[in-house]
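Participant: So the sequences go chain by chain: A and B. Per the numbering used here, the very first residue in the first sequence carries number 7; after that it's consecutive. Per the numbering used here, the very first residue in the second sequence carries number 10; after that it's consecutive.
Do not rely on the hints blindly, as some may be mistaken.
Partial list, derived from the structure: chain B residues whose beta carbon lies under 7 Å from chain A [to be verified]:
id, residue
1, ALA18
2, ILE25
3, GLY28
4, ILE43
Distance ranges between label pairs, derived from CB positions [stated by the list, open to error]:
id, chain 1, residue 1, chain 2, residue 2, range
5, A, PRO497, B, GLU13, 42 to 52 Å
6, A, TRP29, B, GLU13, 38 to 48 Å
7, A, VAL75, B, ARG21, 48 to 58 Å
8, B, ILE43, A, GLY318, 36 to 46 Å
In case anyone wonders, no lab produced these hints; they're calculated from the structure. Even for Gly, the Cβ is constructed at its ideal location relative to N, Cα and C.
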Amino acid sequence: MSAVLPHHGDHAHDDHHGQPHGWRRWLFATNHKDIGTMYLLFSFTMFMIGGILALGIRTELFEPGLQFVNPQLFNQLTTMHGLIMVFGAIMPAFVGFANWMLPLQIGASDMAFARMNNLSFWLLIPAALMLAGSFFMPGGAPAAGWTIYAPLTMQMGPSMDAAIFALHILGASSIMGSINIIVTILNMRAPGMTLMKMPLFAWTWLITAFLLIAVMPVLAGAITMTLTDRHFGTSFFNPAGGGDPIMYQHIFWFFGHPEVYIMILPAFGIVSAIVPAFARKPLFGYASMVYATASIAILSFIVWAHHMYTTGMPVTGQLFFMYATMLIAVPTGVKIFNWIATMWKGSMTFEVPMLWAVGFIFVFTMGGFTGLILAMAPIDIQLQDTYYVVAHFHYVLVAGSLYAMFAGVYYWGPKWTGVMYSETRGKIHFWGSLIFFNLTFFPMHFLGLAGMPRRYADYPMQFADFNMWATIGAFGFGLMQVYFFLFVVVPMMRGQGEKAPQKPWDGAEGLEWEVPSPAPWHTFENPPKLDATATRVIG
Amino acid sequence: MQPEAQRRANARLGWILAGLALLFGVGFVARIMIFGG
Numbered sequence: 007m008s009a010v011l012p013h014h015g016d017h018a019h020d021d022h023h024g025q026p027h028g029w030r031r032w033l034f035a036t037n038h039k040d041i042g043t044m045y046l047l048f049s050f051t052m053f054m055i056g057g058i059l060a061l062g063i064r065t066e067l068f069e070p071g072l073q074f075v076n077p078q079l080f081n082q083l084t085t086m087h088g089l090i091m092v093f094g095a096i097m098p099a100f101v102g103f104a105n106w107m108l109p110l111q112i113g114a115s116d117m118a119f120a121r122m123n124n125l126s127f128w129l130l131i132p133a134a135l136m137l138a139g140s141f142f143m144p145g146g147a148p149a150a151g152w153t154i155y156a157p158l159t160m161q162m163g164p165s166m167d168a169a170i171f172a173l174h175i176l177g178a179s180s181i182m183g184s185i186n187i188i189v190t191i192l193n194m195r196a197p198g199m200t201l202m203k204m205p206l207f208a209w210t211w212l213i214t215a216f217l218l219i220a221v222m223p224v225l226a227g228a229i230t231m232t233l234t235d236r237h238f239g240t241s242f243f244n245p246a247g248g249g250d251p252i253m254y255q256h257i258f259w260f261f262g263h264p265e266v267y268i269m270i271l272p273a274f275g276i277v278s279a280i281v282p283a284f285a286r287k288p289l290f291g292y293a294s295m296v297y298a299t300a301s302i303a304i305l306s307f308i309v310w311a312h313h314m315y316t317t318g319m320p321v322t323g324q325l326f327f328m329y330a331t332m333l334i335a336v337p338t339g340v341k342i343f344n345w346i347a348t349m350w351k352g353s354m355t356f357e358v359p360m361l362w363a364v365g366f367i368f369v370f371t372m373g374g375f376t377g378l379i380l381a382m383a384p385i386d387i388q389l390q391d392t393y394y395v396v397a398h399f400h401y402v403l404v405a406g407s408l409y410a411m412f413a414g415v416y417y418w419g420p421k422w423t424g425v426m427y428s429e430t431r432g433k434i435h436f437w438g439s440l441i442f443f444n445l446t447f448f449p450m451h452f453l454g455l456a457g458m459p460r461r462y463a464d465y466p467m468q469f470a471d472f473n474m475w476a477t478i479g480a481f482g483f484g485l486m487q488v489y490f491f492l493f494v495v496v497p498m499m500r501g502q503g504e505k506a507p508q509k510p511w512d513g514a515e516g517l518e519w520e521v522p523s524p525a526p527w528h529t530f531e532n533p534p535k536l537d538a539t540a541t542r543v544i545g
Numbered sequence: 010m011q012p013e014a015q016r017r018a019n020a021r022l023g024w025i026l027a028g029l030a031l032l033f034g035v036g037f038v039a040r041i042m043i044f045g046g
């Protein structure tokens, strides 16, 4: 039951009353829409920084031999690319979506803790500066991989401490954001918006927020122990003092595998909003989607050691983690089946958000299948730390998380900015990204199967052709994102383009389409009265 | 502005969740320190 209460004495006003201007509007922002915008712009900036690091990696790997960077800097590039993309780009981007859309979708006036929301965002800035600035510290940036494995962490310079501090801050920000999201969803839904009538995006974020609260503190514990190993004489993970580096891996992946789902569940929510809108049919199997999301989240806690088959675990352990991992294919398959069943005999059109959503389903499924292959211990032992793994997780995180975010930007962008994007430019962005993404990462499957290890700055001659194509694809993919920013995002932010109607998509349903475009600064100040489906405001 | 009852309900749930996060973090480290890996 929703715990929202009516605001007696207030009167609804969707004007900009009380809106601060200039830098105060952003620095002291407590409005969920402003904070959402800041999250999205911040994450896009980090995405571009992480992308530049990726192009540094691909430039070096364009041909065999060492041309541009030395191996130490190469390891720093791979480490920082991973850390920045995971903690600086994908996670904050989804929090940005949550900030913008959750209050609108559930009929709340704002997030539950508006000031904490401000703090959650502004904590990101010093953390990002510390991460990016670590390149300029003595010894350069951390080079222990995004997993910051012990005992490599013992060998790093002071930048490792900066990274640990940055991760602590990012973790605190994530936990505060999660608390905000859970309380908003559980306590501030409009009357009539029961849990099983909520949009799937709210459901996926609710489950994701619980995952974050469960596992971010575990990561914080692990990196705190790393810090005490480095500076305070403990030996949790340092074998020189009797510690166990394998224990670090267990702890890290107990965080790390749910983290994978933290980065993909909100993407499922976005796709579940878009597919019915452009198929002009209700989502097939809503309840099963909710249960599948919860099942994926629960299973994510018992599969962590599939990242560690080669550390010498007993066969029974391998079998347990292998079967548990393969079990995740069942709820994931339910989701993919439901999206396809939603499209089945639908009156489909393929505007840009739908293109990204269909692209997501197709390419993410490929990443899912390679995940299933990697789940099998005998195969994984062959493929561990090869480019097959790199291909797999980029198919899941780029074609999964990132594609869904692009789908969401095109789908909800008109609501945010009040103008329509250019359909032609959106299609150029989509097809360019799709082609260049596959050109970059598809060859990596073959490189991995042929035995090319990841995190090496050089490789033998037989891997040259696939690497050349991957590098060309990476630059093309990067170029498409610059195109997206300059020719899609900037015009929309400047209000250039056709004026967006209140509901630009005739098949879309939900409370976000019940407010004008752009969404006024204040929305649903008084809890709206909803129809039986909780998708329309009737009073 | 949220009504007082709403604010209190939110704060109560917020502190419960913060406590849970603290419990997971501290509990995990304490478990390792007491029982080992």
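Participant: Which hints, by number, does the structure contradict?
Facilitator: 2, 3, 4, 6 and 8
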